[in-house]
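Hey, can you work out the whole structure from these sequences and the hints?
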Amino acid sequence: MTIPFRRAALAAMACALALPALAETAPESTDPIVINGGEVELQTAAPAPEHLDGALDEIYSGWLFRDPDTQTMQTDDFENPGMIFVDQGMDEWNMVEGEAGKSCASCHEDVSESMKGVRATTPKVNKDGALWSVEDYVNDCRTSRMQAEALDWNGDRMKNLTALISMQSRGMPMDVAIDGAAQPFWEQGKEMYYTRYGQLELACSNCHEDHYGDWIRADHLSQGQTNGFPVYRLKDAGLVSQHNRFRGCIRDTRAETFPIGSDEFRALELYVASRGNGLPVEGVSVRH
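All letters in the sequence shown, in the order written, are residues -23 to -1, 1 to 265 by mature numbering (1 follows the signal peptide of the UniProt record, and there is no 0).
Rather than coming from a laboratory, the hints here were simulated on the basis of the structure.
A couple of the hints might just be wrong.
Here are the computed lysine-lysine pairs in the DSBU-like style, where the Cα-Cα straight-line distance is at most 30 Å [claimed, not checked]:
#: 1; residue 1: K104; residue 2: K79
#: 2; residue 1: K79; residue 2: K93
#: 3; residue 1: K212; residue 2: K167
#: 4; residue 1: K79; residue 2: K101
Given below as structure tokens:
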């Protein structure tokens, strides 16, 4: 493909996605995700939150837009490749580190009790008025209580811990706060969601609101719901964090992206999470 032709093709794709006529395609079925032979059932659809103002009538799990083989991996915890990282997260939970000689378990004890509901309500505004993701709470505990070094936001150890923490909320509906102290951050994230970025001049909404269910290359676009993060992504053969996925999407618009762990991505994380309010936390989901 010549360079002029390639540029023309990219421009045509951008124009097609930016058309005002909507082309969203609902899934053929909204059957629940039945895990471990019925031990766990996760609903895959829910009424759209009121704050979406009719932009979507119903919200759908990304699981519905995957092929049957990928879907099947998530229906058995022994077949789900992300579960090995949950086990490694438990090792991290019990690991004593830092000058205080503590582990996560030293303060929080049983992870299944102390971390229940955390993933479903995060990100949220902390006591000092800052918007924090799960990763921020992890590193605050490490540096202030354990007197240990902060973990790399996108490193394996952090992703293992966030996968473990997420699993404790599996089945609980997403319920992030968007009012009160959270509202300015939510508004910032909403503005980012509808802002066109990059040489392709695409916003998050162009794909995940206007064209979900449509084909993009060899894959279906989903609504971009984040209730399954961190996800095991087959393409990467490992866990992928929300901010890493945000970075990839903005990069694909041919734009300069924001750093992982930035204030901008925290705000975007809050807004996108709020679009999924009502969908259950899936723990570690499997995606392409």
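Consistency of the hints with the structure:
1. For the hint linking K104 to K79, the alpha-carbon distance of about 23 Å falls within 30 Å, and the restraint holds.
2. Note on K79 and K93: the hinted pairing holds, with a Cα-Cα distance of about 21 Å set against a maximum of 30 Å.
3. The straight-line distance between the Cα atoms of K212 and K167 is roughly 28 Å, inside the 30 Å bound, and the hint therefore holds.
4. Distance check on the hinted pair: K79 and K101 sit about 26 Å apart at the alpha-carbon level, within 30 Å; holds.
In terms of the numbered hints stated before, the structure departs from none.
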